[in-house]
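Colleague: Next come the chains, spelled out residue by residue.
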Amino acid sequence: MRLEPSETERELALAVRAWAEGLGGRIARGEREGTLPLDVVRELGTLGVLGMTIPERDGGLGLSTVAFALVLEELAAAWPSLAVGVSVNSGIVAGSIVRDGTDQQRAKWLPRLVDGSGLGAFALTEPSAGSDAASLKAIAMRDGDGWRLNGRKQFITSARYAPFFIVFARVSPPEPARPHAGVTAFIVPAETMGLTIGETESKMGLRASDTSGIMLEDAWVGPGAVLGDVGKGFALALAGLDGGRIGIAAQSIGIARAALERAIAYGRARSQFGRSILEFEGIRLAIAQARAEIDAARLLAHRASRLRDLGEPFTREASMAKLYASEMTQRVTYSALQLFGGYGYMSEYDIERYARDARATPLYEGTSEIQRMVIARSLVTAA
Amino acid sequence: MRFLVCLKQVPDSTVKVKVGAGGKAVATEGITWSMSPYDEYAVELALERKDADPTTVVSVVTVGSARGRDALRQALAMGCDDATLVNAPEDLPALDVAKALAAVAKEMKPDIVLCGKQASDDDQGLVGPAVAEFLGWPHVGMLTKAVSSGDAWELWREVEGGHEVWKAKPPVVGLVHKSDKEPRYPSLPGIMKAKKKEIPEKDLASLGVTASSPKIEVVAMELPPQRGGGKIFKLDGDAKAVAEQVANLLHTESKVL
Chain A
6 MRLEPSETER ELALAVRAWA EGLGGRIARG EREGTLPLDV VRELGTLGVL
56 GMTIPERDGG LGLSTVAFAL VLEELAAAWP SLAVGVSVNS GIVAGSIVRD
106 GTDQQRAKWL PRLVDGSGLG AFALTEPSAG SDAASLKAIA MRDGDGWRLN
156 GRKQFITSAR YAPFFIVFAR VSPPEPARPH AGVTAFIVPA ETMGLTIGET
206 ESKMGLRASD TSGIMLEDAW VGPGAVLGDV GKGFALALAG LDGGRIGIAA
256 QSIGIARAAL ERAIAYGRAR SQFGRSILEF EGIRLAIAQA RAEIDAARLL
306 AHRASRLRDL GEPFTREASM AKLYASEMTQ RVTYSALQLF GGYGYMSEYD
356 IERYARDARA TPLYEGTSEI QRMVIARSLV TAA
Chain B
264 MRFLVCLKQV PDSTVKVKVG AGGKAVATEG ITWSMSPYDE YAVELALERK
314 DADPTTVVSV VTVGSARGRD ALRQALAMGC DDATLVNAPE DLPALDVAKA
364 LAAVAKEMKP DIVLCGKQAS DDDQGLVGPA VAEFLGWPHV GMLTKAVSSG
414 DAWELWREVE GGHEVWKAKP PVVGLVHKSD KEPRYPSLPG IMKAKKKEIP
464 EKDLASLGVT ASSPKIEVVA MELPPQRGGG KIFKLDGDAK AVAEQVANLL
514 HTESKVL
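Chains as they are written, first to last, in the numbering used here: chain A, 6 to 388; chain B, 264 to 520.
Treat the hints as calculated values from the structure; they're not laboratory data. Just so it is clear, the structure is predicted and the values come from calculations on it, not from any experiment. Honestly, I wouldn't trust all of these hints.
To be verified - Label-pair restraints from in silico Cβ distances:
#, chain 1, residue 1, chain 2, residue 2, range
1, A, Glu-26, B, Lys-459, 50 to 58 Å
2, A, Pro-42, B, Gly-471, 47 to 55 Å
3, A, Arg-15, B, Gly-388, 31 to 39 Å
4, B, Ile-495, A, Glu-286, 24 to 32 Å
5, A, Asp-300, B, Lys-456, 30 to 38 Å
Said to hold, decoys possible - Stretches of chain A that chain B covers, calculated by requiring three or more beta carbons in the stretch to come under 8 Å of a beta carbon on chain B:
#, stretch
6, 14 to 22
7, 45 to 56
As the list claims (entries may be wrong) - Over the 10 Å line for every Cβ pair with chain B, so calculated as not near, a few chain A residues:
#, residue
8, Pro-42
9, Pro-132
10, Ala-134
11, Lys-142
12, Asp-148
13, Phe-160
14, Arg-165
15, Thr-201
16, Ile-202
17, Gly-203
18, Gly-218
19, Glu-222
20, Leu-315
21, Thr-320
22, Tyr-339
All C-beta atoms in this analysis are idealised placements derived from N, C-alpha and C, irrespective of residue type, glycine included.
Looking at chain A on its own, in the form it has when it is part of the complex:
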């Protein structure tokens, strides 16, 4: 298996890097105001990033998961808040519709994820069901030829920008041996009566990325809203998260890379005790370690991506990449911040933002503990 990206994959990533380098002051403004400017999302649509993972027959570019991981790395290196929105939109949401959508659903909803008018959202988590997604409480009842949805969803990325949500709700209660029986995925347009978006959460980092709850109060959707089979939503959610974890690994790598690049650039210009701080061995050891860990994380992410592209199982490898990359980015952003000394703690330098943004990565799309559970389960049950 070839882990190195192809020339084309690199070229696509470099094109996105060139675009992202032009974001300039929009990043600081977006973080300060807590919003992703919609013109930035529109530009991503024009650039073709949002549709890059969608097959050509569905109007996308049909590019590889490796290319997508590289592009997410570039977006995260510039603006982690933007990268997570794109990862959810083009990774999990688009991926779920491509995999499980009918022809009509693909034709209707995929263009909405591609045109840059918003970013799709994946509504799985509930106030009392985070990692334990099988215990979710939202309910879908038959009503006429459609369904009536009730429940609350929490921590939904891009809720405020979403043209539609993939909402997970139960059509029947859990069964003792099958706790996720009855879980079904629904495509719920944002303008559905009975769907309201709660207040935006105030977060430690990723402040420009919207994270909000949604309330479903007798929200009615038609018969065409069921994504995949009735009662098979849990498997659909897990499949979506597998791809999403590669996205978060890529985001973690981009954050770490940007932090290290900034630290080295700062070190070049900073002298103490009469010499450049980059001449001190303690600093050199830290940047060498950081670079080795970034590359290791990238190779893990690309292995999971290639397996996915080859149609091979990749659940464990995606979890390994996500686990390692998200924990790596904690270490790297903190040691990069340390290199800045007191300046690292000041908002004037981007480094504190990267360190705050990095902290989300071992939490969302499955905590590190969940990733270890997934990896261990695959090892124990394989025997």
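Model the placement of chain B on the given structure of chain A, informed by the hints.
Modeller: Just chain B now, kept in the frame of chain A:
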């Protein structure tokens, strides 16, 4: 409507310039190359017309080594329709480059030939006007905008404090200046499409061009001398006292007063 945009591939503006071993040229080993910035504006100007009228065809051409294909691919990825590489030595004199470009223009018969007003490497600004001369077409310099107006074109050129608008009937040559409309980024679909396009090659002989123009020889090239570091003085006191000390230093230290 057909545009022909002439490009040059140059060392990227982020390259830290070093003098090569012979002391006569910039060292080019391992550097990044890109399309000359004014040429990018020329491509953008043509593509804007294509946005407004999709029947517009935008062709690009470069004269030089095979490396120039990258600049052509970039133009295709931005949305240009076709690209031509004229194989020629890197040190082909500017007038011969212009002859080759004029010969391509004669074959393609575009309505408008656009060039960046100058290339960012040698900054001679010679090729564009020479192409117009060899073609016998009028040329308008410092273009920032082109608007179709009946059977003619309104060509906006930047002048001190404003714009002049000229009218020209095609065919015409325009030399493009930097404008407010930043060149677009190549899109991912654009890059994928560009990869599938053939870039035909021509050579000087097939265009009927013989390299015969006078050649400029660079005698020597060196980096400007390093500037001495500044001095920082810590001055105390109120504004008047500080001003007095500054005036004193301008007299005794920098000797400008």
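Colleague: Determine for every hint whether it applies to the structure shown.
Modeller: Verification of the supplied hints:
no.	hint	in the structure
1	A:Glu-26 / B:Lys-459: 50 to 58 Å	27 Å, violated
2	A:Pro-42 / B:Gly-471: 47 to 55 Å	54 Å, holds
3	A:Arg-15 / B:Gly-388: 31 to 39 Å	35 Å, holds
4	B:Ile-495 / A:Glu-286: 24 to 32 Å	30 Å, holds
5	A:Asp-300 / B:Lys-456: 30 to 38 Å	32 Å, holds
6	14 to 22	holds (count 4)
7	45 to 56	holds (count 4)
8	Pro-42	17 Å, holds
9	Pro-132	38 Å, holds
10	Ala-134	37 Å, holds
11	Lys-142	40 Å, holds
12	Asp-148	42 Å, holds
13	Phe-160	30 Å, holds
14	Arg-165	26 Å, holds
15	Thr-201	36 Å, holds
16	Ile-202	31 Å, holds
17	Gly-203	35 Å, holds
18	Gly-218	34 Å, holds
19	Glu-222	40 Å, holds
20	Leu-315	20 Å, holds
21	Thr-320	28 Å, holds
22	Tyr-339	30 Å, holds
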